[in-house]
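Visitor: Build the complex: two chains, separate frames, hints provided.
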Amino acid sequence: MSQKLLEVKDLKTSFYIHLGEVQAVRGVSFSVDKGEAIGIVGESGSGKSVTSMSIMRLLQYPGRIKDGEIIFKGEDIVKKSDKEMMAIRGNEIAMIFQDPMTSLNPVFTIGDQIMEAIRRHQGLNKKDAKEKAIEMLRLVGIPSPESRVDNYPHEFSGGMRQRAMIAIALSCQPDLLIADEPTTALDVTIQAQILELMKDLKDKVNTSIILITHDLGVVADVCSRIVVMYGGLIMEEGTSEEIFYDPKHPYTMGLLKSIPRLDLGQKQRLVPIEGTPPDLIKPPVGCPFVSRCPYAMKICKEYRPPYFEVSKGHRSMCWLLHEKAPKVEVETGVKRGTA
Amino acid sequence: MSEENMRKSDILIEVKNLKKYFPINKGLLGNDVQYVKAVDDVSFYIRRGETLGLVGESGCGKSTTGRTIIRLYDLTDGEIIFDGAEIGKMRQSEVKPFRKKMQMIFQDPYASLNSRMTVADIIGEPLDIHGLATGKERQEIIYNLLNKVGLGKDHASRYPHEFSGGQRQRIGIARALAVEPDFIICDEPISALDVSIQAQVVNMLEDLQSEMGLTYLFIAHDLSMVKHISDRIGVMYLGKLVEVAESKELYEKPTHPYTQALLSAIPIPDPEVTRSKQRVILEGDVPSPINPPSGCRFRTRCKYAMPICSEAEPELKDIGGGHMCACHLNDR
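These protein sequence lines map, in sequence, to chains A and B.
The UniProt record's numbering applies: residue 1 is where the first sequence begins, and numbers increase by one.
The UniProt record's numbering applies: residue 1 is where the second sequence begins, and numbers increase by one.
The shape of chain B in the complex, shown without the other chains (with noise of 0.2 Å):
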């Protein structure tokens, strides 16, 4: 195999020019039509057991990326090449084998388990869709996850509101790993965990991975918690990729200044560090998607800002061993 082959073997999901557009209809009659850019043009890989994290603020598009690589959303525009097959395109029902392969696990344990069926029904309604497995079979299966993700077979026969937030999320888990998947999209997993309980789950997310082979898109705003669980980090401002690099080249030489501002206003659980610690506070907030500003879009809040900022938007591009930057500040 040539070097290109390997290299592209290599990689289980690439996003290329990725865009989701939200229409809103304005005007009397709704026919003056705008658009929600909420993700504009935004190209990443990544590679097979590999943890990529997707950080940034709420309303960045991290989320959107993330339902729209799964087709929950139908792209506006670009290509998502999901082990080698095109799947951006495809129609719905074309897209289901490839469902088998990528499983989401979503944020709010509470809103995400249908509370009228059963912890097993729960975990094994994907195994019926797929039609992997049915009787014994099925139930043997069921068991086996429930005790991969730390339940026990007892707790197959009852509902979810018998269960803590942790306990959901590990529901949530086992229902994404029935169908044995090879990527998982983890939508903010354990944001709405205590601190305690977060370890628990986050400690579990990374031994599945290194026992089934799994790759993830880890996405969250809590950024030390994704520098812990993450290979590479990409930073998201506003429907766009601005920074993309290993987690600890990132920490260590943040270059965009969003990033930088980002990383400065982590508290940090040591008085006397956090205390001297010098902080970029941004000001104001994220401006408005449908009308993104001209040229680089965190301009606005940008203290480095030179007049080409608002003319040129700059291109994500390869700054060193694969740290690649979207600032006008590196062509200096």
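For reference, chain A alone in the conformation it holds in the complex (with noise of 0.2 Å):
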């Protein structure tokens, strides 16, 4: 039997603005088994990135936490003091960010500021702190270990940033690491590099993983589990395999329909998915994917959808799947093997 590390229940977070209150995520529950790579899909403004801080609990003002609960290790983190959250963020729970240009310090050497996390969580002394640090960048396959524990970060190249970014967050073997679009800024053959590790380091220790990502080759490539995201919500969840070849959802079909596929011939139109994300001052009452939604019924636009659960562990959230709903259509998703 699997563990639950990470039980995120009915996560509702806001941003209050002069605006009024951005609902940026609206309920969203999920959970994540020890050692197991879950990747979380979406586009800007799905609400993705927020959930990820939410669990870091490092919003900022004026976001906050409004309700829900975030269970780990079978402890509240939304109940936690400041105090109680340093002890556990990068020693328990770490987070690679998207842009590893800005979120290095540029005036500590990377060995510094490798040996702050370990220093501070594991109390080691200045020498072995070195000594762990030289190791982290070993394993994250820096060359030379010994003289670029002492550069700078403009002295390394994006991917070696990257890596470095990598070494930080497993100085302290998280049990949780969460990856924030970790490829995103990348070139793909550096892409390619930082996925092999990371995959690697989810079998060697045994990490669990969130990796959120707007790529879909990405969690096809690295996540047992997909979860997609839309309008601060989660449309659909289930094994990768359940999401690609049998998506219930009509916004995870529009997804795979729209990135273009190296199998078919060429000059195959793309389906875009017309129109554009909602807008979270003002939530729309139903599905938020209504008003893009090539399926759209008069139920979807008044009442919101329950989850109808396909099979266990593959839940979407679409009126589709009711069973007074007309039979439509619908596209299956990719064909097995074919991409």
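Don't read these hints as lab results, they were simulated from the structure.
It cannot be assumed that every hint is accurate.
Stated by the list, open to error - Simulated pairs of lysine-lysine, DSSO-like, Cα-Cα distance not exceeding 27 Å:
1) A:K199 <-> B:K303
2) A:K257 <-> A:K4
3) B:K277 <-> A:K202
4) A:K66 <-> A:K12
5) B:K277 <-> A:K257
To be verified - Not the full set, but computed from the structure, chain B residues with beta-carbon under 10 Å of chain A:
6) H130
7) G165
8) D222
9) T255
10) A261
11) P267
12) L282
13) Y304
None of these values were measured; they are calculated from a predicted model.
Note that CB positions come from ideal geometry on N, CA and C, so glycine has one too.
Guide: Spelled out as structure tokens, the structure:
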């Protein structure tokens, strides 16, 4: 029986700005097992990054967790004081940010920044901490780490900075690693290196990973389970196979159809999702995807659909799955093994 | 017309031995000059109505190539032949009439529009500069362009900050189309957009191409999107063009080891395929373009590197059916 490491229950996070309340996350529930990698996909403004910042308790004014529980190792993080959070953050839960250029401190050496976390959480002395830092840099594949440890961030290339960030995040052997678009700023060849590294770490150290991205190829590669977010809600959740080969939500289907596929003949027309995402100051009463959905019905506008369980662990927030819904010819996802 | 002439008039733009070096001053007095060889001896051509894709990692010189062709940069050496005229060595004042025929769409729709101008003025500016239309006629053209890119008349008096990224990119496209160009350089036009919006913009670019007979140079690092939109693709590495081929051919039979690595690195949105895929993981980073490796520039990361690779630079040669590749492996 796999063990639940993290359980997010009905999380609601809002930003209170002068125009009103931006309901960025409007009731999100999911869980992460030990040693499991899950992917959260969605476009900008879908609430995926806000969810991760809520788990890290890194929300800044005017953002606030309005409601919900985040159970990490049996304890509710939402209720923890800032001081208690500092003992968890970087130690038990670590995060890799999107932009390695701006998230490293330019006036400290790479070594100092890795040592900071190690010394803080593990109480090692300077000498031991430095040795550990060198070991971490070696682990993430930085050549000649003994001399590189004294370099400043500007002396590292983009890919190496991202590796250094991963070294910092992993230095205390966290139980949970949250990676928010870790490869978006990188080239494909460097991206392949970093993804390989993350998969390796998951297998070797048994770290759980939440990978947040908009790149469906990346989640297909790394994650065993996928959560699809839109308009601050989870639209669909299932194993990667279920999401890619048998999507049940029109938004997931739309995402899959809007990306070009290498296997299809040339000049095949892409099928975009028309329209733009909803305004979360005044979120739609019903389904957030209604205005862009090709199958939208009257009920979709008026009532938010509940989750329909397709199979165990595969759920979708869509009225089309209701037993009384008209049977529409929906296109299926990716044909198995063709892309 | 002879066949030779036919072929010539078929080609809209030809770039021959293009070089663009950026000087950097080093040393105490700044008199120790070194050069960043951003584009080093690149040659290619684009036929009328065709889309040529240009791919490569950041810093490989693909954007510099685009910007040099449109003369935003002065080239260090080489020729740019546009519609039969050599524009590479012209003075800026002489290039102006050609600017009407070639336009550019930029990557960042947030930075490339002047935030103090209304949409109508942004789109109308090229008309003013080239003295193409005024008054009612100008307004009519602007409304038509807005319509063409899927925006409405009522958007004309608004400012860029009122639009989303995808809409701004549409405004940038409308502006590029205002002078009715023949050739458009698209420099990563969709990289800053969400997946669901990317397809909208790409479809629009394709429609405009068939409607107006446009020729595109499409610069991007998203290889699957480049394959989708391009007829032919050029792969660049460290300022050099290493392979050029029809896009289907390139993806089915990549010949240069770098192209092979680049293609194998693309994560495919299909769990079973992507997990069983054999990846060529390139070690290390791209070397510095100030002091590139001797001979073949890719040899430091190439697993097939041979002694000759450090001695002689491989030439970009036709290896059959217009598939060009610069690699010593083809000589064996």
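Visitor: Does Y304 (chain B) pass the interface check with chain A, least Cβ-Cβ distance below 10 Å?
Guide: violated (16 Å)
Visitor: For K277 (chain B) and K202 (chain A), compute the direct alpha-carbon distance and say whether it is at most 27 Å.
Guide: holds (19 Å)
Visitor: Are T255 (chain B) and chain A close enough, Cβ to Cβ, to be under 10 Å, as the hint says?
Guide: Since the shortest Cβ distance to chain A is 17 Å, the answer is violated.
Visitor: Please check whether H130 (chain B) passes as an interface residue: C-beta within 10 Å of a C-beta belonging to chain A.
Guide: Cβ of H130 (chain B) sits 33 Å from chain A, so the hint is violated.
Visitor: With the threshold set at 27 Å, check whether the alpha-carbon distance from K277 (chain B) to K257 (chain A) stays at or below it.
Guide: The given pair, whose Cα atoms are some 22 Å apart, holds under the 27 Å limit.
Visitor: Using Cβ atoms only, decide whether L282 (chain B) comes closer than 10 Å to chain A, and label the hint accordingly.
Guide: Hint holds; L282 (chain B) Cβ to chain A Cβ min 5 Å, cut 10 Å.
Visitor: Per the CB criterion, is D222 (chain B) less than 10 Å away from chain A?
Guide: holds (8 Å)
Visitor: Holds or violated: K66 (chain A) and K12 (chain A), Cα atoms, limit 27 Å.
Guide: Holds - the C-alpha atoms of K12 (chain A) and K66 (chain A) are around 5 Å apart, at most 27 Å.
Visitor: Can the restraint linking K257 (chain A) and K4 (chain A) be considered satisfied, given a maximum Cα separation of 27 Å?
Guide: Distance ~33 Å between K257 (chain A) and K4 (chain A) Cα, so the pair is violated.
Visitor: A closest beta-carbon separation below 10 Å is what the hint needs, so does A261 (chain B) meet it against chain A?
Guide: holds (6 Å)
Visitor: When the nearest CB of chain A is found for P267 (chain B), is that gap smaller than 10 Å?
Guide: Since the shortest Cβ distance to chain A is 3 Å, the answer is holds.
Visitor: Against chain A, run the beta carbon of G165 (chain B) and see if the smallest gap drops under 10 Å.
Guide: holds (8 Å)
Violated hints, in rising order: 2, 6, 9 and 13; the structure is consistent with all others.
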